[in-house]
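Starting from the two chains in their separate frames, assemble the complex, guided by the hints.
Order-wise, the sequence lines are chains A and B.
Numbering of the first sequence is given in this note's numbering, commencing with residue 98 and proceeding in unit increments.
Numbering of the second sequence is given in this note's numbering, commencing with residue 61 and proceeding in unit increments.
Since the hints were derived computationally from the structure, they do not count as laboratory data.
Do not take every clue at face value.
Unchecked claim - Quick list of the computed label-pair ranges, beta carbon to beta carbon: (1) 429/A with 107/B: 53 to 59 angstroms; (2) 203/B with 582/A: 24 to 30 angstroms; (3) 184/B with 565/A: 20 to 26 angstroms; (4) 201/B with 953/A: 30 to 36 angstroms; (5) 307/A with 74/B: 33 to 39 angstroms; (6) 773/A with 184/B: 46 to 52 angstroms; (7) 582/A with 119/B: 40 to 46 angstroms.
Every residue gets a Cβ at the ideal spot worked out from N, C-alpha and C, and that includes glycine.
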Amino acid sequence: MVEKFFQDHERKMPRDSLITSENDSEQDAGLSLQEEHESKTHRTKRRDGDRQKKKRRNERRKGGTRAGEGEEDLQAVSEKRERSKRKRAKSKQETSRRENNEEEEAQLTGGKGTKARKDIRNEKTRRMEKEEVREVEENVDKGKKKQGSTKKGEKKEDGGKQLVKGKAREVKKKKHKKAETSSEPETSEEDDDEEEDNDKDVVRLECLSPEELEKLKEAVDERKKLIQSLRGKPWAMKKKLVTLRESQEFVEKYEGALGKGKGRKLYAYKVLMTKKWMKFQRDFENFKTACIPWEMKIKEIESHFGSSVASYFLFLRWMYGINMILFGLTFGLVMVPEALMGRPYGSMPRKTVPRAEEASAMDFAVLWDFGGYAQYSVLFYGYYNNQRTVGWLKFRMPLSYFLVGVGTVAYSYMVVIRTMARNANESGVGDDNSFNFSWKMFTSWDYLIGNAETADNKFASITTSFKEAILEEQESHKDDNIHLTRFLRVLANFLVLCCLAGSGYLIYFVVRRSQKFALDGLENHTWWERNEVNMVMSLLGMFCPMLFDVISTLENYHPRVALQWQLGRIFALFLGNLYTFIIALMDEINLKRKEEKIVKFNITTWEASLYNGTVSENSTASPVTIHPADVPRGPCWETMVGQEFVRLIISDTMTTYITLLIGDFLRAVLVRFLNYCWCWDLEAGFPSYSEFDVSGNVLGLIFNQGMIWMGSFYAPCLPALNVIRLHVSMYLQCWAVMCCNVPQERVFKASGSNNFYMAMLLVILFLSTLPAIYTIVSIPPSFDCGPFSGKNRMFDVIHETLESDFPPWFSKVFSYASNPGLVLPFILLMVLAIYYLQSTSKSYREANVELKKKLQMQNEENKRKNKRAALKAQMDLEEARMTAQEQQRNNNASVQDQENDTDIHGSGQRPYQEKYGCNPPPPVGGRGRQMPSSRDPGSRTYNRGNHGPSGYLPGFARQSEPRMYRVPSLQRH
Amino acid sequence: MGTTASQLSKESLSEYQELTFLTKQEILLAHKRFTELLEKHEKDQIDARVPMGKIITLPELKSNPFKERICRVFSTSEQKDGSLTFEDFLDLLSAFSDSATLEIKSHYAFRIFDFDDDGTLDCADLEKLVNCLTGETNDAKLSSTEMKQLISNILEESDIDKDGTVNLSEFQHVISRSPDFVSSFKIVL
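One chain only, chain B, in its complex shape (with noise of 0.2 angstroms):
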């Protein structure tokens, strides 16, 4: 790939310029901080993997509630792990970087809130992502009824073909009329 751990090589680092969204200072302080996450022997080798475990304690994804679905999302290792090289760590920037486009954003987005990677959102996934969104906190939990109005609300008008599930059309439609999505969904190391 032309890349050492060390340090990017020139072609590479306008590679990365033109498949991403970020800019080239971007991404050098995306591999500088990528580069801290590694072991040691691993900083020499192009294709490291960095665990979830240690991706999800950098601050800008610490205290995200969908920081596990995202590592999983943006993951291209093959025992489904969540861990990520840095080319995937870019990924997940670009992706959640300022310029990106809404039809970009609002596909991993729809990934991200897919839970159980099945391709449509269910009534399962509602679940899960509001219990996401509430927190962990007992007190702060939708009782079942109120959890069984939200998603069947949350169906009504979202699901257009009324399948009982939200898929990738439905959601991008419904995101793309939300005014402040595309300022929200960003990361920003």
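Isolated chain A (complex conformation) (with noise of 0.2 angstroms):
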């Protein structure tokens, strides 16, 4: 159909174009005449529709040169078209005349008939939005009915709404524009089929200019914007629905017939790519949600226990996902090319098990602390063999050792500080005390709690919060015996100190002795001394924070003063057991070193042994072949430590398992089922449910994660470990938390604390690169295992590459560029442009206080100005009232027009104010004075500056002080 009337136009249109419009009657004879060879369903709709074009062409012919002589042409095509409508319509007389008028009065305004109607079309949209809310709502409802009748007709019918009467009346008195917008969608596009709508368009768009062409395109690209916008738009669904229905049918509708012209097909094409792309995106986006794990699972918990415990999932969560990466990049690149194409198991020293290890080197004991064929394999460092390339495709294995090993820590500093950047970004200026109260007001409640418990915690938090606030305000600092909180906090901090001590001494013997028991051979001791070191790491890091949180009681801090407190001193504890257990670690590498040194003196004469035994037996024989079990060999400190922090990392995640079971699931279980049988209530009483503490486990997870940083360079296995260390935990604690915890008395809001946890991720990821960088740079590496073997420094591999795979001029650069005469030039560089970014930042806040400042101030001589007009007006009020009561009659009139007049003032602007404009002034101009609208005065300021005279009445003013001034400060906005 749409086709065929295509065709008919294309035919029409030259014809079209040579006539000249002055005469109506003649072009649609001609018209009509063609037309009856056309199929002749729908002929009178199509006349209709030429009606219209022809009228519109005649509009914009005119509309730039003649624009005055076309009125008289002007008026009667628009009757001709009124008169149709009302053939369909049957609205009431009066309606169809004053909308006849108003249609005069839009297109004479317009000008150009054509270019108006399309910017009404950009700007209805906007209209909508902002102003005729209301309207709007009306054609949802009946617009779908298409009765034809204009939209005043429907007013005036149910009239009972004075409301909308009052607007439409403001509406046509005061705003043209406005007009012409709530009537013209519904002249065109609702009375009209959709067929002839269709057409017209058509028509018009093949003898559109290339500017008006523009300014479709415009339309169009704005209605997809109003599309795209629409659901961040606070309105109700059906209105949503209907505007996007309107909007996508216009898109549609001109989309396809907008590059008529050469790009056409290209713009046809561009058109369908986009959507096509824009399905895609949504598809993928709903993909992507789905596929992001455990999003069901952490959205459960957020709902029962708020979101300060999600919050530590989504770090369990986050963390889960770099590890991921990183076991991809020590998977990838370091642990399969050498298990696939080194050379195998049995074939060299480094990857054999030594006689003497032999015949345990399959026991569990001995394989679960790492020993043995764990040992001896693909996991350690020692394993790796340090030839140049391996397999076919000359993999450069020790430099994507190196390059790994640097890459992983590299990588986690990018994704940790990107990921800080970003929450600062969010959280915007940051710390900003200045709305201390509103907070706590309007955004203190978690809309995602649903669990009964948590709401009375977060009511209780809240209360108190409430409490304190206000306490804080009243007397600020009133504290009643100093000198015992000075002294207990002092005390505290001795204990806490003497704790640290005592735990960082106790790490220190321990690993001592497990030195000695370990140069005594470690078959000889039992499990517990074999495995102090991470037991004794474990149960400190247990039992330490529940003794700092006894002693943070004698502090008596604010709850929050305190958990900082508490963290920083969990977090001292964790650092000083760690790096205690690095001192004794590098006093055990020195050892080995010793160790290796007396191996390799010892290995010289033995080789020179072997070499004399053979010489002795035989001459010419073929070298002798030992099995590489037999042949002596280093100690290999590498991976003694690789295997050292991988103990660390699995006692640590056996202890944090059990202490879960134990401390969480156990108890939860004695106290629900002991409780039926005990002299005190056991749920409510002392034993209780436990808490999930977010702090300990965030801590937890974050030293976790600096142990795999610094391990990992040795024991390319961790990240495995920490990937499958993390998956259980996730489970495991999910479970935990919805099955056997009660939510925390002391809600804290998780995502204030958010960037405290990265920076501590920050600072532990930096204190673990140290070691591990201190050892990579400054210690030699073992003799004979580890992919470095043989070279003086591991960073030896760079030089060797660069020399041997790069050409030499690259060398030359390279050499050249390490200088330390250009390198001190750049890092002096680099720290000038810190300095000069950080200063442009302060100087960037300090104008952003300024600013805000300004803005006070601002508002603030706003407010008076305000408060003098609204005084000035009530003296107005006052004035006109005494006049108006001198002089009854002759005043009405003037009145009445000044009040339709700040009407539509108030109310064009405000939504809410229709609640108080609700009734129009009537048209008797005598009402109009006794309206006991409080509104009128203050806005009839605004519209006319006035000079005021004395004498209001006291009373009256303050009465309605507080509305009058509330209009401006609406306006403002």
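This is the structure in structure tokens:
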């Protein structure tokens, strides 16, 4: 059908354009003649459409040059149109008359008919958003009925709604444009059938000038934008739906026809592709959300325990993601190539279990300690060979090992810093204390809470926070016994320091002892003695925080401050433990290196003896083949370090899980079932259920990650282990939280401390890379194990690659670049850049503060002005009243006019105002005076700056003041 | 609307996706949850309404002190009884979803806190709000002097034009600075 019409018009086109359009009837006749050859079904409609289109063409032609001349014509046309409308609609005479007038006005003001129309289409949407909320809602209700009556008619019909009526009148009186917007869509889009609409559009499009086309394109784009932004509008769904459909229809209609000319196919193709792309994007978005692991689990927890507990799990998931990538790097670039392409197990000494250990190499106890076969496997540093390339791919194994080690650290830095930056962005200006109370009021409820118990806790915590805030406000810092508190705090810190020192010494002692055990030979000792170090560290990590908690009750801090202290102390404890551990390890490394020297010497003598032996036996025999298991070898400190870290991780994981099972699950079970036969209420009383300790868990996670970063250079299997650990603990902890924890009493907001955790992670990352880098840079690698064996330092692998794999000029450039003379200025430059950026950001911040101040000043100024204006208005009203009383009848008309004006002003901009503005000024002038509306004077002064004489009633002023200056304040925004 | 109660048509599903911040799965889940609340004979109706009494029994809303306000704000019912159609329900979920913008969230938050629907938060609204936040129990309630102090402090901070009430733009101004409004103004099915 549409195509038919399209053809039809294309045929008509040249003729149409030849005819000068003064004579409407003639053209009409011609067209109808032609039409008779076509199908007759849509005849009337089409004629109607033709008429309109012609009319529009008239308008367009005249628009530019002969706007005045065309006035009569236009009138006729609009009348004609009105008539046809009336035929269909049978709306009331009066309304259509008014409509008619309006349209004339509209067309006259519009000048260029088509353009105006298009503009209207553009602006219609915008206006609808801004001002015509109510009218659109009317559309929604009535639009579909296609009654054909004009909007005004409809409104007239249900005259019961005073509000709408008032609005309509305002619209008519004041804003012509508004009138157009409300009437035009009605007449063009709803009265006419769609086909008709289509074909006139097509015709119009064909003879559009390029700039008009451009405008249309803009309109389409705007619609598209509207469609995209629709979801961000606080409208009811019905309204959104209607707007969406309308806009989509519009876009589809014009988009297809837009590129009529040369670029049509391209344009159509583009449109098609954007549509497809949008759909794909949406599907992909859906797919992505479906792919996020544990989303539902976390949301469930979130809805039970609020966002703070959920934040731990989000953090866990984030950590899991990072570890997955680290694992991918080490697994894909180090472990797999070595396992597949490197020399197989047993081919050389470093890849074989030594003869002495062979018997017990498969025992579970040994494997559990990562000795035996596990030690001589791809899991540890020592297994890797120092051949430059492996396999047919010529894979640079040592280089890859080194780069992966550096890459994991670099990647971690990048991710952590990026996340921190994003968090900082999200929190915006950040610690802005100016809205302390308001935030407490408006944002403290966590809407996710779906658990009555959590809700009760939340109520309690909000109440206390209110009370605290009030108290703080009332009496800032009035400590009753400052000396006692001070003493207690000092005492508490002293105790904590003692704890820290004690734990540090304990660890040092234990590590030393374990070295003795190791020298004696592990197999002579019990399980405890072998695992003493890790167990002690885990136990300290478990019990010291509890101790700190007890100590911190002495201090009597505010809960938030106390939490920070607690976190800081635990952090110090963990860090101290870790560093003691590392220092002890360093000692051990030095021991091993001494041992290595001896072994090296022994080996040379052993080789010499071997050589001598073979020479003495048979001088021409083939070289002796000694089984690699029998070859004496060095202690390989790197593998030892890796093993230590792996053991630490394993024992840490185990303690975490076991505490979870015993401390949470068993306790919950006991409390639950013993409660039936116990003297006091276990659930509410002493043992109760355990809380989920967010901060402790997060810290544990952070330190675990630190150990991974530290150890993963010497044990490439660590990220893999960590992935498994995180995976298991995700499920285990989710389950434990849901089944045996109660929500925290001290509910604190998660997002506020988010960057705090990140900062800790960054610190840990830095501190854990320090020892790793130190060992890499300053300690020579073992001579007979690992990918760097035989080199002086581990990073020599870079030099080697540069020399042998790159052209000579490159290594030359590199050596120049790494010259201190170049590096130092570069570093200086960086420092300067950092300094510059920092100072700019500082000045920006200052400017921000300044602007804020200015804004406040402005606001106050405005407020004062408004107040003054309101007062003046008051006086004015009084004056008007007086004068009105004096000259009763004469002044009525003018007063009413003013009030009408102000009516528009008030409710046009403000949706809520409609509540007040629902009684419109009645047509009879006399009643205008009696209206109690206090809004009028305020806005009246707005319209005409008044000079106020004295003499108002003070009582009246006080009554209406609050409302009065509310109006201007809204208009301002 | 192209919606049948038992199953969402493809078009309306995609339209809903276009118009809300929800993903397809979330819309389907919402639909499932919503139809569970409907009476049997209503399941075929397009615009069936679920009364407020039933909506607030949803576990996600049950312990929310603003549950009734939320229903009333999102309801398009003409009787102002807080009953929701499916589309209202979607609106609600969309405003409370993860990806909704701060602007829309703060708009609805304002309307929720505006207990008397007069377009501003005045002292009575704020008092009601405080009472909602501190819970029903008597011992948790603030005394009248505390309440006065609190409300005057709040007005001091956020009532920029000093007209004794907080209007929408002031409210949004305050909210936009808050670091954790977006993360806590969420309801997840």
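How the hints compare with the structure:
1. 429/A with 107/B: 53 to 59 angstroms: holds, 56 angstroms
2. 203/B with 582/A: 24 to 30 angstroms: holds, 27 angstroms
3. 184/B with 565/A: 20 to 26 angstroms: Between residue 184/B and residue 565/A, where Cβ atoms are some 25 angstroms apart, the hint holds.
4. 201/B with 953/A: 30 to 36 angstroms: Taking Cβ atoms as reference, residue 201/B and residue 953/A lie about 34 angstroms apart, which means the hint holds.
5. 307/A with 74/B: 33 to 39 angstroms: holds, 35 angstroms
6. 773/A with 184/B: 46 to 52 angstroms: holds, 48 angstroms
7. 582/A with 119/B: 40 to 46 angstroms: holds, 44 angstroms
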